Structure formats: structure tokens, C-alpha cells
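Asks: Mind docking chain B on chain A? Use the hints.
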Amino acid sequence: SQTIHQWPATLVQPVGSPLSLECTVEGTSNPNLYWYRQAAGRGLQLLFYSVGIGQISSEVPQNLSASRPQDRQFILSSKKLLLSDSGFYLCAWNEGDSYEQYFGPGTRLTVT
Amino acid sequence: RKEVEQDPGPFNVPEGATVAFNCTYSNSASQSFFWYRQDCRKEPKLLMSVYSSGNEDGRFTAQLNRASQYISLLIRDSKLSDSATYLCVVRHNTDKLIFGTGTRLQVFP
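Sequence order for the protein chains is A and B.
Numbering follows the working numbering, in which position 98 of the first sequence is assigned residue number 98; successive positions increment by one, without gaps.
Numbering follows the working numbering, in which position 25 of the second sequence is assigned residue number 25; successive positions increment by one, without gaps.
This is chain B alone, in the form it adopts within the complex:
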């Protein structure tokens, strides 16, 4: 079983739609959680950290469910510029991050 699992997609949604991605992790001792965004042939960029109580940054909302070991990312009012691959990232008890293989989002006009 992979340490971090994501649905690869693609998720094809129209502009203005709300879309949600889930990610599951296998290590119950995981301590930190992040969402990164990666555009085609570019480096990953930190989108947001995920806090235990959930957190929001503009149109983006992240949730953590430790009991079920999953993380979610909700994007409201999708924009064409949101088209990218979204990487779920988990940290155990070291500085090392474990990356999922990503969920691809395509927003169409």
C-alpha cells in the first residue's frame, strides 16, 4: 500500500464549479500535512498547510480527519488558472515529506 494515495483524476469541471479532492495516508503517526500545486513541467509550489482544525485560504479549504487518516482540499468558484496537478503531502516524525502522485484538475470554460 502506498503511504499517500490520491485519485489521479482527471477531474474536469466547468468554471465556477466547486471541486473536492481527497487523499489518504497510511501512517497514523503522521504529523504535518500539506497541499502543493504543480503546473505541467514546473516545480511543485506550496498551496497550503493543513491544520487539525481545518483552514481556509480564499477559495481553498483544507480539512484533516485523523481518525480516518484522510485530508481533503475543496476549491470553490473554480478558475481556469486552477488547472494543475494537486499533490497531497505528509510528514512523519522527521523533516522528510512523502508526496502523493497527485490529482489532475482541468477547469474548462
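Bound-form chain A, shown alone:
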């Protein structure tokens, strides 16, 4: 069966520091991969999605970037964090022939 992992689970970082969040999926090949952010009391906002290695689409212009160096690995990065980057970051996947998305356990980021 398929599983999705994210780490770290929680992170506290100072403003201006870099960020790297990792997501990996097991048990499937060539999944579509997504990064979402959920701010406190708000809905999920799609940040990036990828349909294959090296293929990244950005939904919201901001100081974040994403990369997909391997088929089942998706990385979210920032060179300099802002206070507004605080939130719950969720990675999700789906197979190409299904629109149902499945989420990882998330990373709770607090920028201080």
C-alpha cells in the first residue's frame, strides 16, 4: 500500500533563516505531488504541484520554491523565511488516473 512521509513534524525557525521540508511517497510510481499551506483558522492553499521529475508549477508567487529531484520526493524550500510563512505545510499525492488526493502528516512551522 502507499504511504506518504513528511519531515520534520514541527519546526521553529527565526525570520531570515532558510527552510527545507521534505516529502516522500512509497508504494507508487510517477505520482502527482502537491504542497499546501494551511494558516491558522484558514483553508488549504495550494503552493506547488508537480506531475513529474523536474516539473514544478507554482500557484502563488512568494519566497518559497519547490523541487522534485526524484520521482517520489518533493521538497519545499525558502532562502529567507518571513513571519507570514508560519503555518501547517502539507504534502499530498494522487495517481494520474484518480483525482482523490492523500495527505502526509504535515509539518507545523513557526517563524519567530
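A couple of the hints might just be wrong.
[Claimed, not checked] Pairs of lysine to aspartate or glutamate residues, derived as EDC-like cross-links and limited to a Cα-Cα distance of at most 16 angstroms, are as follows:
1) 79/B with 15/B
2) 45/B with 82/B
3) 42/B with 82/B
4) 79/B with 39/B
5) 79/B with 95/B
6) 45/B with 100/A
7) 96/B with 95/A
8) 96/B with 7/B
9) 96/B with 97/A
10) 96/B with 85/A
11) 96/B with 59/A
[Said to hold, decoys possible] Which bits of chain B does chain A cover? Going by a derived footprint, with three or more residues having C-beta under 8 angstroms, they are:
12) 23-29
13) 38-45
In short, the hints are calculated from the structure, not lab data.
Values in this document were obtained by computation on a predicted structure and should not be read as measured data.
The C-beta atom is built at its ideal place from N, Cα and C for all residues, glycine as well.
Replies: For chain B alone, coordinates are given in the frame of chain A:
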């Protein structure tokens, strides 16, 4: 206007009660519909897809009304473990999903 709108609640219901949530969407070209459940400080989990003819999964029934552009979720015989936030989700003509901000349900003994 938000693309997907939900009553934030909370809906406070006793165990055993029947509760229903509605969700409206603005894009008439929307093609797929889902309900997700999210527990406090956890990731959303797929509860059920919503099919045009309506569908049922145990105590949960989902309905779609394309003419009025709304989706409903009915929960029968509520359990304490049903307490969560229920997210209405819509897909247009791409792989991208649009999430509502959720309806909070609290079931009390």
C-alpha cells in the same frame, strides 16, 4: 465570492443525532467533489467522493445538486469520534482541488 463556501459552525449535536452540512461552489464547470475530514492539528483525510447520483458509505451520505451548485453531507447516528472539521472540496478541469475552510462538528455525550 469564495469558490467553495461552508458554514464554519460549530455544529454541536448529541450522540445519536443526525446532522447535515451543506457546501456551495461558484464554478459551474466543476467536475469532481469530495468530503474530507480533518481532526485538530492533523492532516485532512478523504472521507468520500461525491457522485452525481448521490452515494452512501455506512452512516455517511453525500449528495450533489449541480443545478443549485451545492453538495451536502449527512451523518446519521453521530458518534463522539465524528467530532472533527469537515472540508468540502471541488475540482474544476485540472488536477487541482479547491478546499473550503471547513465546518466544525462537535458531538457531545
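Asks: Within a Cα-Cα threshold of 16 angstroms, do residue 42/B and residue 82/B meet the stated pairing?
Replies: 14 angstroms, holds
Asks: Could you grab the alpha-carbon distance between residue 79/B and residue 95/B and see if it respects the 16 angstroms cut-off?
Replies: 33 angstroms, violated
Asks: If you draw a straight line from the CA of residue 96/B to the CA of residue 7/B, is it 16 angstroms or shorter?
Replies: 23 angstroms, violated
Asks: Just to be careful, I want the Cα atoms of residue 45/B and residue 100/A compared with a cutoff of 16 angstroms; is the pair within it?
Replies: 10 angstroms, holds
Asks: Just to be careful, I want the Cα atoms of residue 45/B and residue 82/B compared with a cutoff of 16 angstroms; is the pair within it?
Replies: Measuring from Cα to Cα gives roughly 13 angstroms; hence the hint holds.
Asks: Are there three or more residues in the segment 38-45 of chain B whose C-beta lies closer than 8 angstroms to some C-beta of chain A?
Replies: Three-residue rule met by the segment 38-45 of chain B, so holds; n is 5.
Asks: Does the structure keep residue 79/B and residue 15/B at a Cα separation of 16 angstroms or less?
Replies: 5 angstroms, holds
Asks: Can you take a look at whether the segment 23-29 of chain B is actually covered by chain A? Rule is 3+ residues, C-beta closer than 8 angstroms.
Replies: It is violated, with 0 qualifying residues against the three required.
Asks: Just to be careful, I want the Cα atoms of residue 96/B and residue 97/A compared with a cutoff of 16 angstroms; is the pair within it?
Replies: 13 angstroms, holds
Asks: For a C-alpha distance cap of 16 angstroms, please report whether residue 79/B and residue 39/B respect it.
Replies: 14 angstroms, holds
Asks: Checking one constraint from the list: CA of residue 96/B to CA of residue 59/A, max 16 angstroms. Satisfied?
Replies: 10 angstroms, holds
Asks: Taking 16 angstroms as the top limit, are the C-alpha atoms of residue 96/B and residue 95/A close enough?
Replies: 13 angstroms, holds
Against the hints set out earlier in the document, violations occur for numbers 5, 8, 10 and 12.
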